[in-house]
Amino acid sequence: DAKTTQPNSMESNEEEPVHLPCNHSTISGTDYIHWYRQLPSQGPEYVIHGLTSNVNNRMASLAIAEDRKSSTLILHRATLRDAAVYYCILRDDTAQGGSEKLVFGKGTKLTVNP
Amino acid sequence: ETGVTQTPRHLVMGMTNKKSLKCEQHLGHNAMYWYKQSAKKPLELMFVYNFKEQTENNSVPSRFSPECPNSSHLFLHLHTLQPEDSALYLCASSRDSPTGFYGYTFGSGTRLTVV
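Protein sequence lines, in the order shown, are assigned to chains A and B.
Here the numbering used here is used: the first residue of the first sequence is 689, the next is one more, and so on.
Here the numbering used here is used: the first residue of the second sequence is 10, the next is one more, and so on.
The set of hints was computed from the structure by calculation and includes no laboratory data.
These numbers were taken from a predicted model, which means no experiment stands behind them.
Hints are not guaranteed to be accurate.
[Stated by the list, open to error] Over the 10 angstroms line for every Cβ pair with chain B, so calculated as not near, a few chain A residues:
1. His737
2. Ala751
3. Ala766
4. Lys794
[Claimed, not checked] 27 angstroms max Cα-Cα, derived BS3-like pairs, lysine-lysine:
5. Lys61(B) - Lys31(B)
6. Lys691(A) - Lys27(B)
7. Lys50(B) - Lys28(B)
8. Lys28(B) - Lys49(B)
9. Lys31(B) - Lys50(B)
10. Lys28(B) - Lys61(B)
11. Lys50(B) - Lys757(A)
12. Lys757(A) - Lys691(A)
13. Lys794(A) - Lys27(B)
14. Lys49(B) - Lys31(B)
15. Lys757(A) - Lys797(A)
16. Lys61(B) - Lys789(A)
17. Lys789(A) - Lys691(A)
18. Lys28(B) - Lys797(A)
19. Lys691(A) - Lys794(A)
20. Lys797(A) - Lys691(A)
21. Lys50(B) - Lys794(A)
22. Lys27(B) - Lys50(B)
23. Lys789(A) - Lys50(B)
24. Lys794(A) - Lys757(A)
25. Lys797(A) - Lys27(B)
26. Lys31(B) - Lys691(A)
27. Lys61(B) - Lys797(A)
28. Lys691(A) - Lys49(B)
29. Lys61(B) - Lys27(B)
30. Lys789(A) - Lys757(A)
Each residue gets a CB set at the ideal place from its N, CA and C atoms; glycine is no exception.
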């Protein structure tokens, strides 16, 4: 499984943007970049994913470097509810047969200050 | 609710007990997973089922026994557990199709304490 590297923790202030970095220098051409987050006492939840182009959805934006060796999850206005552990995961979504597993690392613990 | 329901939410059991964890999804997903999350450790994948067939067992001790009677239900049968098995057990489901992958949906987990 291709590896990702994330900072252990980050802090932000409420209503300010947050940029969560992820390095994945050994990414292969068929690996998609997935982001999940885990709020306290809950299971992880899907945030966003992409392959090459930047992606936007109602939760966040994903900026992918041109060489794909790094990516950044952007929360445009952090709220207290965004305090969670954020996981950056690589997955080969093109594999046939299904159930290519998600392998979670330690993630980045985001603290949002009021 | 995420669409993946796990019961019970909390479970305390003795080392000689037998208990089962249940996971249910009605999202039309074909794959289901058990993960274990111990304190201050990353999620560890335990088992993978695809269309009711077990496709992965990550060297999990035999005191954990999964069962997948259909694509909507997944069980984890527990017997003679050890205190170090105390953890949050998470179930997830996903759908893989020729048109793409649509992400994992996790349940809220069962917090297991072995005494």
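Evaluation of the provided hints:
no.	hint	verdict
1	His737	7 angstroms, violated
2	Ala751	19 angstroms, holds
3	Ala766	22 angstroms, holds
4	Lys794	5 angstroms, violated
5	Lys61(B) - Lys31(B)	15 angstroms, holds
6	Lys691(A) - Lys27(B)	37 angstroms, violated
7	Lys50(B) - Lys28(B)	24 angstroms, holds
8	Lys28(B) - Lys49(B)	25 angstroms, holds
9	Lys31(B) - Lys50(B)	23 angstroms, holds
10	Lys28(B) - Lys61(B)	21 angstroms, holds
11	Lys50(B) - Lys757(A)	25 angstroms, holds
12	Lys757(A) - Lys691(A)	11 angstroms, holds
13	Lys794(A) - Lys27(B)	31 angstroms, violated
14	Lys49(B) - Lys31(B)	24 angstroms, holds
15	Lys757(A) - Lys797(A)	22 angstroms, holds
16	Lys61(B) - Lys789(A)	16 angstroms, holds
17	Lys789(A) - Lys691(A)	14 angstroms, holds
18	Lys28(B) - Lys797(A)	33 angstroms, violated
19	Lys691(A) - Lys794(A)	11 angstroms, holds
20	Lys797(A) - Lys691(A)	18 angstroms, holds
21	Lys50(B) - Lys794(A)	7 angstroms, holds
22	Lys27(B) - Lys50(B)	26 angstroms, holds
23	Lys789(A) - Lys50(B)	18 angstroms, holds
24	Lys794(A) - Lys757(A)	19 angstroms, holds
25	Lys797(A) - Lys27(B)	35 angstroms, violated
26	Lys31(B) - Lys691(A)	32 angstroms, violated
27	Lys61(B) - Lys797(A)	35 angstroms, violated
28	Lys691(A) - Lys49(B)	19 angstroms, holds
29	Lys61(B) - Lys27(B)	23 angstroms, holds
30	Lys789(A) - Lys757(A)	21 angstroms, holds
Violation of the numbered hints given earlier is confined to hints 1, 4, 6, 13, 18, 25, 26, 27; the remaining hints are satisfied by the structure.
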